[in-house]
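Peer 1: Taken in order, these protein sequences are the chains called A and B.
Per this note's numbering: the first sequence = residues 1 to 202.
Per this note's numbering: the second sequence = residues 1 to 130.
The hints are simulated quantities; they were obtained by calculation from the structure and are not laboratory data.
It cannot be assumed that every hint is accurate.
To be verified - A few chain B residues that face chain A, going by a derived Cβ cut-off under 10 angstroms, partial list only: (1) THR8; (2) LEU15; (3) ILE16; (4) THR50; (5) GLY79; (6) GLN82; (7) ASP85; (8) PHE102; (9) ILE107; (10) LYS109.
To be verified - Here are some chain A residues the structure puts well away from chain B; computed CB gaps all over 12 angstroms: (11) GLN60; (12) ASN66; (13) ARG128; (14) VAL190.
Computed from a predicted model, the values in this text were never measured in an experiment.
C-beta: ideal position from N, C-alpha, C; glycine also.
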Amino acid sequence: MAEITMSSMDQKVLIKRADAFLHNEQSTQPPTTATLSSLEIQQDTALEYDSMVLMSKLEQLAVRLNDMTVQASASLSMECLVNIANHLIEFTEKLPMAVAKGFSLDVLITRARAHHIHLGPQHVRNRRFSFEAFTELHMPQGVMRHPNTFQQLTQDLLRVSNVCLNICVKGFHAPEMRQQWRTVYSGFLVHLAKTVTSVQTN
Amino acid sequence: MVVDDSQTVRNIMALIVHRLGHRVIRASSAMEGLALLTESVPDLIFLDITLPGMDGLDVCKVIKNTRHTKHVPVIMLSGNDQVFDKVMGRLAGASDYITKPFEPETIRKCLETYCGQSNSVREGLWQKSR
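If we strip away everything but chain A, and leave its shape as in the complex, we get (with noise of 0.2 angstroms):
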C-alpha cells in the first residue's frame, strides 16, 4: 500500500504555513463596496461566472449521490464525495487569495488536523484526495471494513469541503456578494450533510 510519508521537517513547515494561513484569514476584513476599485468589480464579476459554473457541476454530482444505486453503496457514495471535494480543492486553489496564502490540500488537513480526526496525509496524493488511498485503508473489498468509518470520513471531507466554501466566500471583494455566495454555498453544504447521513454503509 502505498502511503504519503512526512519528515518532521516537512510537517513542521507545513504547520508554519497553515500557521501563517489561519492568522491571514482571520485578518482579512470585508471591504465596502464604495470603496472597490474597477478591478475588484471585474474580478468579482470573474469569480462569480466561475463559481456558478463550479456550483452547477457540484449539484450534479450531489444529485448522482441522490441517486438509489449510489446511496445503497458506501464505496460509490465515498467515491462521489471525494470527487466533489476535490473540484472545491482545485477551485479554491487558483483563487488569487489562497494562491497567495499558500492554500492547499497538504496546508489544510496539516492545519485542522485537530478537526480531522479521521483524514489524514494518507487520503492524499499528488494534492488531492485520492478515492484510491480510501479503497486501500477502509474498503479493500469494496465494503467499508467498519460502517461508522464511512460517516467518520464523510463528516471529515464535509468540513474540509466547509473550509474551501469559506475561502471562496472571502474570495469576493464586493460585501453583498459574499452574503449570496454564502447563502448558496451553505444550503448546498446542508442538502449534502443530509444526503450522505441516508447512505447505507453496510
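Use these hints to put chain B onto chain A, whose structure you have.
Peer 2: Chain B in isolation, oriented as in the chain A frame:
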C-alpha cells in the same frame, strides 16, 4: 420563473437571471410552480424535468394546455443529455432544452432568444471574463 427541486440550482439560476436584469419567481415543486402561475404569468419558464411527484414534462403539458400560460416559452432543464428526453420535451411543448450542468452563458442566450435583449451591464463583463 425557475421550477427546480434543488435549492442550489434555484439559487444559481436566480442569481444568473437577476444579474441579467430580470426578476425571478422560484418554485421548488410542480404544485408550487402551477400555483404561482395562477397569480402571475412570467415571460419565460425554466422547468426541471425531474421533479418530485408530478414531473416536468407533465407540468409543461399543463402549462401549454392552459389558456393564460400557453404562450409562455418553457425551457426544460435536465441532467440527462439523451435525445429521447429532448424529443419528449418537444412533444410536451417545450421550446428548448438545457442540460445540467450549465454555464451562465447558456442561460443568457436563452433569455436573449425568448425575452429579448438583457439589460444588465454585467453581461459584457461576463463575456469579457470568459
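Peer 1: Next, verify each hint and record whether it holds.
Peer 2: Hint by hint, here is what the structure shows:
1. Interface hint status for B:THR8: upheld, as the beta-carbon distance to the closest one in chain A is roughly 5 angstroms, under 10 angstroms.
2. Using the Cβ-Cβ criterion of 10 angstroms, the hint placing B:LEU15 at the interface with chain A is satisfied: the shortest such distance is roughly 7 angstroms.
3. Evaluation of the B:ILE16 hint against chain A yields a held restraint, the C-beta minimum of about 6 angstroms falling below 10 angstroms.
4. For B:THR50, the shortest C-beta to C-beta distance to chain A is roughly 8 angstroms, which falls under 10 angstroms, so the interface hint holds.
5. The restraint placing B:GLY79 at the interface with chain A holds, with a minimum CB-CB distance near 6 angstroms, inside the 10 angstroms limit.
6. Interface hint status for B:GLN82: violated, as the beta-carbon distance to the closest one in chain A is roughly 15 angstroms, over 10 angstroms.
7. About 15 angstroms separates the beta-carbon of B:ASP85 from the nearest beta-carbon of chain A, more than 10 angstroms, and the hint is not met.
8. Using the Cβ-Cβ criterion of 10 angstroms, the hint placing B:PHE102 at the interface with chain A is satisfied: the shortest such distance is roughly 5 angstroms.
9. Interface hint status for B:ILE107: upheld, as the beta-carbon distance to the closest one in chain A is roughly 9 angstroms, under 10 angstroms.
10. Evaluation of the B:LYS109 hint against chain A yields a violated restraint, the C-beta minimum of about 14 angstroms exceeding 10 angstroms.
11. Remark: the non-interface label on A:GLN60 conflicts with the geometry, its nearest Cβ contact in chain B lying 5 angstroms away (cut-off 12 angstroms).
12. In this structure A:ASN66 is not separated from chain B by more than 12 angstroms, as the shortest Cβ-Cβ distance comes to only about 10 angstroms.
13. At roughly 20 angstroms from the closest C-beta of chain B, the C-beta of A:ARG128 stays outside 12 angstroms, upholding its exclusion from the interface.
14. Once the 12 angstroms rule is applied to beta carbons, A:VAL190 is inconsistent with being away from chain B; the minimum gap is 9 angstroms.
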